[in-house]
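Enquirer: Taken in sequence, the protein lines are chains V and X. Each residue of the first sequence is one higher than the one before, counting from 1 in the numbering used here. Each residue of the second sequence is one higher than the one before, counting from 561 in the numbering used here.
Hints in this document: simulated from the structure, not taken from any laboratory. Note that CB positions come from ideal geometry on N, CA and C, so glycine has one too. Be aware that a few hints might be false.
[To be verified] Not the full set, but computed from the structure, chain V residues with beta-carbon under 7 Å of chain X:
{"no.": "1", "residue": "Pro139"}
{"no.": "2", "residue": "Val222"}
{"no.": "3", "residue": "Val287"}
{"no.": "4", "residue": "Pro289"}
{"no.": "5", "residue": "Gly290"}
{"no.": "6", "residue": "Val300"}
{"no.": "7", "residue": "Leu304"}
{"no.": "8", "residue": "Leu311"}
{"no.": "9", "residue": "Asn378"}
{"no.": "10", "residue": "Thr452"}
{"no.": "11", "residue": "Ala453"}
{"no.": "12", "residue": "Thr456"}
{"no.": "13", "residue": "Tyr457"}
{"no.": "14", "residue": "Leu481"}
{"no.": "15", "residue": "Gly548"}
{"no.": "16", "residue": "Pro551"}
[Unchecked claim] Some chain X residues flagged as far from chain V (calculated, every beta-carbon gap over 12 Å):
{"no.": "17", "residue": "Asp613"}
{"no.": "18", "residue": "Lys619"}
{"no.": "19", "residue": "Val620"}
{"no.": "20", "residue": "Tyr625"}
{"no.": "21", "residue": "Ser647"}
[Stated by the list, open to error] Listed below are the simulated BS3-like cross-link pairs for lysine-lysine, each with C-alpha atoms no more than 30 Å apart in a straight line:
{"no.": "22", "chain 1": "V", "residue 1": "Lys327", "chain 2": "V", "residue 2": "Lys516"}
{"no.": "23", "chain 1": "V", "residue 1": "Lys178", "chain 2": "V", "residue 2": "Lys516"}
{"no.": "24", "chain 1": "V", "residue 1": "Lys558", "chain 2": "X", "residue 2": "Lys605"}
{"no.": "25", "chain 1": "X", "residue 1": "Lys656", "chain 2": "V", "residue 2": "Lys558"}
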Amino acid sequence: MEAAVKQTWRQKVTKAMGINREDARISKSYLFVTFLALAIGGICGLTQGLNRSGFLELPSWINYYQVLTAHGLFLVLVFSSFFTIGYFYAGLSHTLGGLLPAVRKIAWTGFSLKITGLMIALIPVLMNEASVLYTFYPPMAASPWYYVGLALIVIGIWLCAFGAFINVAHWRKQNKGKHVPILAFFATGVFILLFFGGLFVAVEVIVLIIPWAFGWVETINVMLSRTLFWAFGHTLVNIWYLTAVSAWYVIVPKVIGGRRFSDLLTRIVVILLVVLNIPGGFHHQIVDPGISESVKYLHVFMSLAIGFPSLMTAYAMFAVFERTGRKKGGKGLFGWFKKLPWGDVRFLAPMIAMIAFIPAGAGGIVQTMNQLDQVVHNTMWIVGHFHLTLGMSAAMTFFGISYWLVPYVSGRVLTPKMNKFGVWQTVLWAVGMGTMATTMHIVGLFGSPRRTALTTYSDHATALNWDPYMIVIGIAAVILLIAGMMQIYAVFHLMFRAPKGNEEFPIAKPEEDGSKTPYWTERWSRWIFVMLLVVAMGYVIPLVDFIGNAPPGSPPFKTW
Amino acid sequence: MHRYEKIWLSLSSAVILAFMLFIGYQAFAEEMAPPSTKETLDPQKVDETPPFDNPGVKKVGENEYEVVMTLQVFSFTPDDIEIPAGSTVHFTLTSKDVVHGFEIAGTNVNAMVMPGYVQKITKTFAEPGEYLVLCNEYCGSGHELMSTTITVK
Numbered sequence: 001m002e003a004a005v006k007q008t009w010r011q012k013v014t015k016a017m018g019i020n021r022e023d024a025r026i027s028k029s030y031l032f033v034t035f036l037a038l039a040i041g042g043i044c045g046l047t048q049g050l051n052r053s054g055f056l057e058l059p060s061w062i063n064y065y066q067v068l069t070a071h072g073l074f075l076v077l078v079f080s081s082f083f084t085i086g087y088f089y090a091g092l093s094h095t096l097g098g099l100l101p102a103v104r105k106i107a108w109t110g111f112s113l114k115i116t117g118l119m120i121a122l123i124p125v126l127m128n129e130a131s132v133l134y135t136f137y138p139p140m141a142a143s144p145w146y147y148v149g150l151a152l153i154v155i156g157i158w159l160c161a162f163g164a165f166i167n168v169a170h171w172r173k174q175n176k177g178k179h180v181p182i183l184a185f186f187a188t189g190v191f192i193l194l195f196f197g198g199l200f201v202a203v204e205v206i207v208l209i210i211p212w213a214f215g216w217v218e219t220i221n222v223m224l225s226r227t228l229f230w231a232f233g234h235t236l237v238n239i240w241y242l243t244a245v246s247a248w249y250v251i252v253p254k255v256i257g258g259r260r261f262s263d264l265l266t267r268i269v270v271i272l273l274v275v276l277n278i279p280g281g282f283h284h285q286i287v288d289p290g291i292s293e294s295v296k297y298l299h300v301f302m303s304l305a306i307g308f309p310s311l312m313t314a315y316a317m318f319a320v321f322e323r324t325g326r327k328k329g330g331k332g333l334f335g336w337f338k339k340l341p342w343g344d345v346r347f348l349a350p351m352i353a354m355i356a357f358i359p360a361g362a363g364g365i366v367q368t369m370n371q372l373d374q375v376v377h378n379t380m381w382i383v384g385h386f387h388l389t390l391g392m393s394a395a396m397t398f399f400g401i402s403y404w405l406v407p408y409v410s411g412r413v414l415t416p417k418m419n420k421f422g423v424w425q426t427v428l429w430a431v432g433m434g435t436m437a438t439t440m441h442i443v444g445l446f447g448s449p450r451r452t453a454l455t456t457y458s459d460h461a462t463a464l465n466w467d468p469y470m471i472v473i474g475i476a477a478v479i480l481l482i483a484g485m486m487q488i489y490a491v492f493h494l495m496f497r498a499p500k501g502n503e504e505f506p507i508a509k510p511e512e513d514g515s516k517t518p519y520w521t522e523r524w525s526r527w528i529f530v531m532l533l534v535v536a537m538g539y540v541i542p543l544v545d546f547i548g549n550a551p552p553g554s555p556p557f558k559t560w
Numbered sequence: 561m562h563r564y565e566k567i568w569l570s571l572s573s574a575v576i577l578a579f580m581l582f583i584g585y586q587a588f589a590e591e592m593a594p595p596s597t598k599e600t601l602d603p604q605k606v607d608e609t610p611p612f613d614n615p616g617v618k619k620v621g622e623n624e625y626e627v628v629m630t631l632q633v634f635s636f637t638p639d640d641i642e643i644p645a646g647s648t649v650h651f652t653l654t655s656k657d658v659v660h661g662f663e664i665a666g667t668n669v670n671a672m673v674m675p676g677y678v679q680k681i682t683k684t685f686a687e688p689g690e691y692l693v694l695c696n697e698y699c700g701s702g703h704e705l706m707s708t709t710i711t712v713k
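With the rest of the complex left out, here is chain V (with noise of 0.2 Å):
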């Protein structure tokens, strides 16, 4: 009872002062290390262009592979979950009265362990001792501390997951036979994946690749590593999607003034999202040998069967735009479009990382079929690609989220002035990463390879033809760079100058006469179970295979 009181006026000082200053103090701090991240990670991205288009050689101190397994690292595993936990925790905060204090422990352990682990793993790479990349597939063998320094980045994650879980089921406990608020619910979800895609690499990086690469073990199974690597990797790009997802369905339709669309249907695809993720790691190994063609038929269906969640999206984000475009007036078939709020940036940054899933969902499906992947395997395409789901679809979305969240969380506002700033910022980011992405899927489509630093290849002429769209991405480079470097602007005044006040959490209310949400969409334990069955039937076939019919091992090789 004592409990449930205190519970309850916390909630209403949360709302009257906006976030607890303990709670905000770990979002900001997650926050602040994304947009550090961002900085370096850019930077390093640049230098790729730049090095590919022929622009700039590189010093002989520095590689082009050990800038780019900084750019993955940066980018792919810090900038992409320290947001996800920065927002998410904001957003459990705001959502359901504050923190508890056990949590937020957890929060700032695991956020020191993370810290720890990049640092650890930085070293080795900066020395040239871990030029593996972020997706290190054995045989290659970095520094074991390398190793040691991810799986640490992989606790901290967990930990993080665990303060979530505890965070919600205290919430169900006072609030029994409620619905968990629907951001709380993106961030169960959320966490799910990262707890269970993080088992994953957790097997591989500490079970298989640190014994091995220590020199206690003499070889490793490269198959059953890689495989083990991709159902955490895509996994991984699925959390930022489900995170910029949850932006869509929450964030935005306030931000445009309307209301949300279903409650049922958007917590069914988050459902969705979290039971048929997993295997869809599979669709990374379509020319790999060892796997069987009716083992990689099946799995080519468990890719395309993610493809259905992201078509309701579509379906919901579009309804919910033109419901509110014409109830401010729009008319006609498309005059609810010119109502929607363009000139601001909490809008513009998200609507644009929309339109520009349109495509990047669309290439998703197509490329994860037997023969068009055969043509852009390892290809620039794959990188255009990710460039586009993620560097467009995931980072814009969370740029239009940091505008008004880092004011949040720092108790400061969004003046006007920032927000032009930041409508530029985005057309910028938007115009630089289009133009880079679409370069790359053609110039992929020709056979361009990805992940190879400089080379015509002794002049040959296939190899020549590509060089005029590098030049092109070199341009969208430093276009990119020059975006980049403004929203890191952006986020630190916002964080450190902006006039003291309290910026909106932006959450919408469910549509008015939207039906009642049955309560089994609150069984996480059912949906838990039902995903561990997917990722059975995806992975028990395959790694029984890879481990009963292995071949001999493979001893590390350091090739670089």
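Starting from the known structure of chain V, arrange chain X on it as the hints suggest.
Expert: The following block gives chain X in isolation, referenced to the frame of chain V:
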């Protein structure tokens, strides 16, 4: 659920299903499935294991060749292959060290080559020309130099 939403979702399901049927037909009826060989070998004894103890181009039939090839940092053995136009070539590949990729630029030949596994892929070269073969999986500091050619005359 709105009627338009039902139509949209039914169409979405139909498209995904159509893709599945089409891919299945290609893979199993047309034998266009991706390279998926399941043979294995000891990656530390490639040079002693047939057929890789004797890599090279072998004529196996009328207009038909087998290329037994090893990939290693940062080269292909054999390299600079020549074959007559119109011939069908069966590539049998393995890696002697790290993970490599086998790509013939501008064609559908694209396969991962893993240590410990044999990978097979077939291509009919109808058009004469000098094809660029490259490694498309990062394999070390000389990765961007790892290439060779197939000349079709």
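Enquirer: Now tell me if each hint is right for this structure.
Expert: Hints and how they fare:
1. Pro139: Hint on proline 139 of chain V: holds, closest Cβ of chain X at ~6 Å, below 7 Å.
2. Val222: At about 6 Å, which falls below the 7 Å cut-off, the nearest Cβ of chain X leaves the hint on valine 222 of chain V intact, so it holds.
3. Val287: Status holds, d = 5 Å.
4. Pro289: 4 Å, holds
5. Gly290: Nearest chain X Cβ about 5 Å off; hint holds.
6. Val300: 6 Å, holds
7. Leu304: Result: holds, 5 Å to nearest chain X Cβ.
8. Leu311: Holds. Min distance 4 Å.
9. Asn378: For asparagine 378 of chain V, the interface hint holds, since the closest Cβ of chain X sits about 4 Å away, which is under 7 Å.
10. Thr452: 5 Å, holds
11. Ala453: 4 Å, holds
12. Thr456: 9 Å, violated
13. Tyr457: The hint holds - tyrosine 457 of chain V has a Cβ within 7 Å of chain X, the shortest such distance being about 4 Å.
14. Leu481: 23 Å, violated
15. Gly548: 11 Å, violated
16. Pro551: The hint holds - proline 551 of chain V has a Cβ within 7 Å of chain X, the shortest such distance being about 4 Å.
17. Asp613: 16 Å, holds
18. Lys619: For lysine 619 of chain X, whose nearest Cβ neighbour in chain V is about 25 Å away, the distance exceeds 12 Å, so it holds.
19. Val620: 21 Å, holds
20. Tyr625: 21 Å, holds
21. Ser647: It holds; serine 647 of chain X is separated from chain V by about 20 Å at its closest Cβ, greater than 12 Å.
22. V:Lys327 with V:Lys516: 23 Å, holds
23. V:Lys178 with V:Lys516: Answer holds: lysine 178 of chain V to lysine 516 of chain V is near 11 Å, not above 30 Å.
24. V:Lys558 with X:Lys605: 19 Å, holds
25. X:Lys656 with V:Lys558: 14 Å, holds
Consistency note: the structure conflicts with the earlier hints numbered 12, 14 and 15.
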